[in-house]
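Listed below are the residues making up each chain.
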Amino acid sequence: MDDSAALFEQVTRPHFDRLYRLAWRLTGGRVEAEDLFQEVLIKAYAKLDHLVDIDQPGAWLARVMTNLFIDQQRRFKRQRLGTVAEGELHGDGFASIAGDLDPVADKVRYDRLRRLDTALQQLSDDHRLVVLLHDTEGYTLEEIHAMTGTPVGTCKSRLHRARQRLKEILLADGTFS
Amino acid sequence: MTMDDKHDQALDELLKDYPMPQADAAFYDRALLNASREGTRRQRKRWLFAGFSSAVAAGVAALALFGLFSGSPDTATSAIPGVTIALEQPRTINLMFGANEPLANAMLTVSLPDGIELDGFPGQTEVTWETSLSAGRNLLPLTLVAVKPVSGDLFARLSHNNRQQTFQIRIDVDPTGPAPIEESPS
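Here the protein sequences line up with chains B and W, keeping their order.
Heads up: the first sequence begins at 1 in this note's numbering, then just goes up one per residue.
Heads up: the second sequence begins at 178 in this note's numbering, then just goes up one per residue.
Treat the hints loosely; a few may be bogus.
[What the hints assert, rightly or not] Partner residues aside, some chain W positions facing chain B, computed with beta carbon under 8 Å:
no.: 1; residue: 187
no.: 2; residue: 196
no.: 3; residue: 205
no.: 4; residue: 215
no.: 5; residue: 324
no.: 6; residue: 326
no.: 7; residue: 327
no.: 8; residue: 328
no.: 9; residue: 329
Note that these hints are calculated values from the structure, not bench results.
Even glycine gets a Cβ: it sits at the ideal position worked out from N, Cα and C.
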């Protein structure tokens, strides 16, 4: 490993786990998440000189990832084959995540999470993203603003509306009583 | 505590329990290695590929990523990617097709091993339909259902005019429950 590669690893590796989870939350599947993660690292490496000088490389990497994802989504939606409904894309993500669970030992939990996943897919992309980043990954509204460029007030209202909608769906399907 | 408060609390608990994806340890090492190789190439502005295909060049795991009609030889990827699906549980896999230019009226044929079906096409081992590709990356999600605890290969054949390319994905069926995607060997 040359010096540049070693320096790059030193700067970026501490942020890998959180960055990987962000990729998964953004894309909804392992293959797409790893694809996105890889692309971010490649972009970051090409800007190593800049990366070593910034105060919060983790936040910078997250912002690069979010911007790249949004950009890919714009192109992706235009290029996607029209043979399968949009919503089916999310099945792979949850199936992959579900592989980490033990459905035999915890069938009730699995079913509730499955319903949550279904409810999340009914949200708009913007609403789903903010609720996942804030409520599952622990990003603050200010951090989400820094990552996405969306004003804090808008993030806050999206979070509120997303949670309201989730509660409505989970009430309707019997998850909440 | 009001009912709405209780639902808020229940939602918080559910969201915090939402599965936390984790990469396998080897993935980070591979990603770093690929980044140093590909990042250096970009620094030097020696582009061999454009856009998304750079990630492909970096060897990122994908179920199937095809350089269709891109001037490359008509051969499938050297390593057969694989996926494990659970018996009788629909599972969506994503096929990605790359095209250098828009392709109208392409024919896509998916051939399935006995015991594995496309969701919505029960009992059919081969499904063909006409589709169009845009220039760049095209994604085709296929939802598979295993009706028998068998394994076999799925073939996706895309043809346009006189050109054709066939790709292969290994499908294994886990009779006990859902499993994560297996990465193709690097």
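Checked hints:
With a cut of 8 Å, the hint placing residue 187 of chain W at the interface with chain B holds, because the nearest CB-to-CB distance is about 6 Å. The interface hint given for residue 196 of chain W is met, as the beta carbon of that residue sits about 4 Å from the closest beta carbon of chain B, less than 8 Å. For residue 205 of chain W, the interface hint holds, since its Cβ comes within 8 Å of a Cβ in chain B; the closest pair sits about 5 Å apart. A least Cβ separation of about 5 Å between residue 215 of chain W and chain B falls short of the 8 Å threshold, and the interface hint therefore holds.
The restraint placing residue 324 of chain W at the interface with chain B is violated, with a minimum CB-CB distance near 17 Å, outside the 8 Å limit. Because the closest C-beta pair between residue 326 of chain W and chain B is about 17 Å apart, greater than 8 Å, the hint is violated. The beta carbon of residue 327 of chain W comes no nearer than 19 Å to any beta carbon in chain B, farther than 8 Å, and the hint placing it at the interface is violated. The beta carbon of residue 328 of chain W comes no nearer than 17 Å to any beta carbon in chain B, farther than 8 Å, and the hint placing it at the interface is violated.
Annotation: interface hint on residue 329 of chain W violated; nearest CB of chain B at approximately 19 Å, more than 8 Å.
Consistency with the previously given hints fails for numbers 5, 6, 7, 8, 9, ordered from lowest to highest.
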